[in-house]
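Visitor: Residue numbers (the working numbering), protein chains in the order written: chain Z, 1 to 389; chain G, 1001 to 1304.
Don't read these hints as lab results, they were simulated from the structure.
Note that beta-carbon positions come from the ideal geometry of N, C-alpha and C, so glycine has one too.
There's no promise every hint is true.
Said to hold, decoys possible - Cross-link-like lysine to aspartate or glutamate pairs, in silico, EDC-like; alpha carbons within 20 Å at most:
hint	chain 1	residue 1	chain 2	residue 2
1	Z	Lys72	Z	Asp100
2	Z	Lys316	Z	Asp91
3	Z	Lys198	G	Asp1276
4	Z	Lys198	G	Glu1270
5	Z	Lys160	Z	Glu364
6	Z	Lys366	Z	Asp278
What the hints assert, rightly or not - Here's a subset of chain G near chain Z, in silico, CB distances under 8 Å, partners left out:
hint	residue
7	Gln1006
8	Leu1014
9	Ile1017
10	Ile1128
11	Ser1129
12	Gln1149
13	Gly1220
14	Val1221
15	Asp1223
16	Gln1229
17	Pro1268
18	Arg1272
Stated by the list, open to error - Pulled a few chain G residues facing chain Z out of the computed Cβ check, cut under 8 Å:
hint	residue
19	Ser1123
20	Arg1124
21	Pro1137
22	Arg1225
23	Ile1230
24	Leu1269
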Amino acid sequence: MKCLATAMTISLATAGAGLADDITVGFAIAKSGWLEAYDTPATTAARIRIDEINAAGGLLGRHISWIEADTKSDQAQSASAGLQLIDEGADMLVVNCDYDFGAPAALAAEGAGLNSFFLCAEDIKAGIQGVGPNSFSASVLAAVQGATMAEWSLGERGAKTGYVLLDTTIEYNKGICTGFDWMFPNAGGDIVGRDTFKNGDASIASQITRIKALETEPDVIMLCSYIPGAASAVRQIRAAGINSLILNGSAVDGSYWLDATPNLSGFVVPVQGSIYGDDPRSDVEAFNMAYEKATGSRPASQYAYPGYILIDLWAKAVERAGSLDGAAVTAELEKMRDEPTAFGPRSFSDAIHHQNSAEMQIIEIKDGTPGVAGNWRISTPVPLEVLLN
Amino acid sequence: MNAVPQLFFDAASLGGIYAMAALGIALIFGVMNLVNFAHGEYIAFCVFALIVPSSDAVAVMFLGKAPAILLIPVLLAFGALIAVASEYVVFRQLRNANPVAMMISSFALGFVIQNALLAVYGSRPKAISLWPDLNTPVSVVGASVPLLQLIVIITTLLVVSVLALLLKKTRVGLEMRAAAENFTMARLLGVRANVVITGAFALSGAMAAAVAMIMVTQTGVADVRMGGQIMLVAFIATVIGGLGSLPGAVAAGFLIGAVSVVLQAALPLEARPFRDAFLYTLVIVSLLLRPQGLFASASAKPRV
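Construct the complete structure from the given sequences, taking the supplied hints into account.
Guide: Below you can see the structure in the form of structure tokens.
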């Protein structure tokens, strides 16, 4: 059995690695378990960009091939998946969508002097602060999403009062609320109350009772949560007759959960691009169609996009550095200021390997139908001390 | 708004869900000394039975499309079926194994069910709109209560009463109580072990289905991991209620729900994220003061 497994690993590795002259991208991603739903779309998008680059003549004149190892949504498997890919000759690693799960593989890449990219981690730790100098994330920081919601609701909807409802289950949620808490009062809003809950709570009746006990209903409720807890909270908040505009982070993008609250209105999320076919930038819709061609269905949420962006940016940096050396590519990536991508400009610096400000599309759900309601870029980037809070 | 009745209804509805889940666990513990850790997965299984098996992001209703009058009995039967099937396939083979071995195999069974659901439905949580009208709030003694909360409270009381009658008045109920008291002696006196155990599993599975319907109506989502948290609370409820005591499990389920809601309402904001830590500290205190459980049965057995 063991022999068979080894033989299969070798044959798969050789099949994936292709010609010796190829550039090899290693994917240490979850192909099973709960994280798979987040990793697979972004990985598919990354491969679409790889195919495009190959079709246009490759990178440094070489063909890009890819290999992968399954982390099985298990932190312990992540480190060994990373090491396995490095042994098989990966020139850079793409790791899980989540910091906690992707970090062990990213650390393995760091140890070997390679670049690593988190597929869609939105915590400042997924980069210099939590892995090392050659690690990056392709997504937009959670705090930027919260700050975008704060400034947009004040500027575009004339909101004055806000209520913060934080799901304490994962760090991502705290990141969104941190950004909101920083921006909302700074931009002239008043936070009138706050409460916490857990994603798996069977009922948030007492949290709702606290909101209803306020003298006047808040203009906005900043809900920092993810599916399934967020869908369940929205259903319970609306059922209780609370009509405040509900804001959330990108994590709840997608229309797949809307059946939980039929005819939902007044629910807003910031995203990197619209999956609904109404993005003002034609490149986004072109990508959506390429994705549909590759998989048979359109992206279910915006979390496919960072995979495309990361290969795009990394390839540009490799081209400019003229080498695959981790430190040389990092230096080129850190020079990027508002580097154009299909999903808006991206910047890195020697302090932050993440987006601490980004143009985001605002998706509003009206009568159960999501659509672009505008776009917003926060007036001040979220400072590092707020991100490290 | 009237704070005290509101708190009472919030507490009673959460407690009702916990009580019903705890009852499902206590029933099986009573007859065969098994803490069935797969119970949470029975709940998830029943939730997913409502939708068409597919890994697509958008869920399409399957059983969920049926009218309530059909859906409720069918789903209860579904829950009973999976529980009875798991007894037949797994636990019957381990009838003479020690309780630890049975407990471990219940964990294994839970993993099998969870991974089967993952394989069939994919890992992305799904939205299900079951009876959304039940979430409409109604006004009761100055409190604003979703209709569903009232239904949960009434259903729990009803289920507990029916179960009490079943145990007191019917032959199989008598046999179950006898088996819970002393299984070996009951068998020597002619109690049919298979009938009693199958009956207990069927009732327990139906309980899981009832919890599943309540959770779906309340939250509107289906997630393969959704049974885990409730299973944990329900297990703790059966322990502090006194293992083997059915009324104890129900009372402790209500108690945990009530304490959780009171903590959420009363703790200062900084301490609120640690609500569960406070809750479980109280559980430890309760166990230190009454290790046999708050409502231990006369035949309380030593715990694992």
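Visitor: Going through the earlier hints one by one, which of them does the structure break, listed in rising order?
Guide: 17
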